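Engineer: Here is how the chains run, residue by residue.
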Amino acid sequence: MKHIKAGSTYVIRLDRGEKVVETLTRFCEKRKVRSAFFQGIGTCRRAELGFFLMDKGRYKFRKVPGDQEITSLMGNVSLLGGKPFVHAHIVISGPDFLARGGHLKEAEVLATCEIVLTPLSRSLTRTYSRSTGLKPLDF
Amino acid sequence: MKHIKAGSTYVIRLDRGEKVVETLTRFCEKRKVRSAFFQGIGTCRRAELGFFLMDKGRYKFRKVPGDQEITSLMGNVSLLGGKPFVHAHIVISGPDFLARGGHLKEAEVLATCEIVLTPLSRSLTRTYSRSTGLKPLDF
Amino acid sequence: MKHIKAGSTYVIRLDRGEKVVETLTRFCEKRKVRSAFFQGIGTCRRAELGFFLMDKGRYKFRKVPGDQEITSLMGNVSLLGGKPFVHAHIVISGPDFLARGGHLKEAEVLATCEIVLTPLSRSLTRTYSRSTGLKPLDF
Numbered sequence: 001m002k003h004i005k006a007g008s009t010y011v012i013r014l015d016r017g018e019k020v021v022e023t024l025t026r027f028c029e030k031r032k033v034r035s036a037f038f039q040g041i042g043t044c045r046r047a048e049l050g051f052f053l054m055d056k057g058r059y060k061f062r063k064v065p066g067d068q069e070i071t072s073l074m075g076n077v078s079l080l081g082g083k084p085f086v087h088a089h090i091v092i093s094g095p096d097f098l099a100r101g102g103h104l105k106e107a108e109v110l111a112t113c114e115i116v117l118t119p120l121s122r123s124l125t126r127t128y129s130r131s132t133g134l135k136p137l138d139f
Numbered sequence: 001m002k003h004i005k006a007g008s009t010y011v012i013r014l015d016r017g018e019k020v021v022e023t024l025t026r027f028c029e030k031r032k033v034r035s036a037f038f039q040g041i042g043t044c045r046r047a048e049l050g051f052f053l054m055d056k057g058r059y060k061f062r063k064v065p066g067d068q069e070i071t072s073l074m075g076n077v078s079l080l081g082g083k084p085f086v087h088a089h090i091v092i093s094g095p096d097f098l099a100r101g102g103h104l105k106e107a108e109v110l111a112t113c114e115i116v117l118t119p120l121s122r123s124l125t126r127t128y129s130r131s132t133g134l135k136p137l138d139f
Numbered sequence: 001m002k003h004i005k006a007g008s009t010y011v012i013r014l015d016r017g018e019k020v021v022e023t024l025t026r027f028c029e030k031r032k033v034r035s036a037f038f039q040g041i042g043t044c045r046r047a048e049l050g051f052f053l054m055d056k057g058r059y060k061f062r063k064v065p066g067d068q069e070i071t072s073l074m075g076n077v078s079l080l081g082g083k084p085f086v087h088a089h090i091v092i093s094g095p096d097f098l099a100r101g102g103h104l105k106e107a108e109v110l111a112t113c114e115i116v117l118t119p120l121s122r123s124l125t126r127t128y129s130r131s132t133g134l135k136p137l138d139f
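Chains as they are written, first to last, in the numbering used here: chain A, 1 to 139; chain B, 1 to 139; chain C, 1 to 139.
It is worth saying that the hints were derived from the structure and are not from the lab.
The structure displayed is predicted, hence computed values, not measured ones.
Each hint should be verified, as a subset may be incorrect.
One copy or two, either will do: identical chains are not told apart, so a pair holds if it fits within one copy or between any two.
Straight-line alpha carbon distances no greater than 25 Å define the calculated SDA-like cross-link-like pairs of lysine to any residue that follow [unchecked claim]: (1) K63 - G94; (2) K83 - F61; (3) K60 - T132; (4) K135 - F85.
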């Protein structure tokens, strides 16, 4: 993972084998990013997508096999329990060009992943709710 | 719907049962947002997608049944007839993780929807064209 | 193609028949945009999508027939060989509302395409690697 800072905006390049959510989270910890939004494109494999089951208060996960284009990576950074929390949704497409998507649990970068992350001037925080299984933004 | 303002950027949390387009539009009316762009992620149901039929000058709409992840919500705000107009496209994915998408007519927030909306320093306006059925940006 | 500048941000309207990548590239050349990120929505046809074959170091391309909503256009601008290079990924959806996606080789605007392009205050550059077939950002 490498990055440059342009004004307050970070351009981040994730490299082969790096995990998207884990690496972004570590980046935010290191740079003390407490709130941000981001977008990204790239390629990945071992993508694990989540679909939230409202009535069960938990995600159903599925690992998507094979290499995938990251056609859209979108999300935000906030603090959960005082630590940066990356909330990302992703759309991926394979060699059949069909798009799959969901909450991004994790994915491993294949060739590259190029993310533009814009920090916000005010902290965002979340709190986990045991009753719903959700971690809504505290507003 | 709740929001915070970070610099000139709004972070908006839509809550269960709120309609995405309607609530965003009302937010822009209230805050006098006349031009902006936004991105968002979340979950929804009762999504109604549109596909523009060029030769007929109108949308074909379809309601997508069931709960859906909002894997990408993207769009802009401009003035149409002097009032804020939200133009949004959406990609959603269900429990099979297949992605569907289109022009967003409306969707109802399920668990949460987190939108980052960045106002622009110049107004955008649109004008409806009866001949094409379109409402292009006036440039 | 028409645009307005709001602060440092460009709002670009591509019109019927214009090629997305080609027109954006020419725009960046003309305006001397050397690094930026963008998002866009619209409609297109003659979309040609790419899927990167890692082991072959090249893209597999497919032309998607028919009119399509551009449900998400996302990417960045950098310099490659001293010239603006547009790296875009796209998600499109047809009259069946199923989403397809990939690296965007090219697409022709159908009704309109509305792009928000935010220049960055530092140049981004890429270098082509003959061994991998990739053009990673130089960091």
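Engineer: Of the hints given before, which are not true for this structure?
Structural biologist: none
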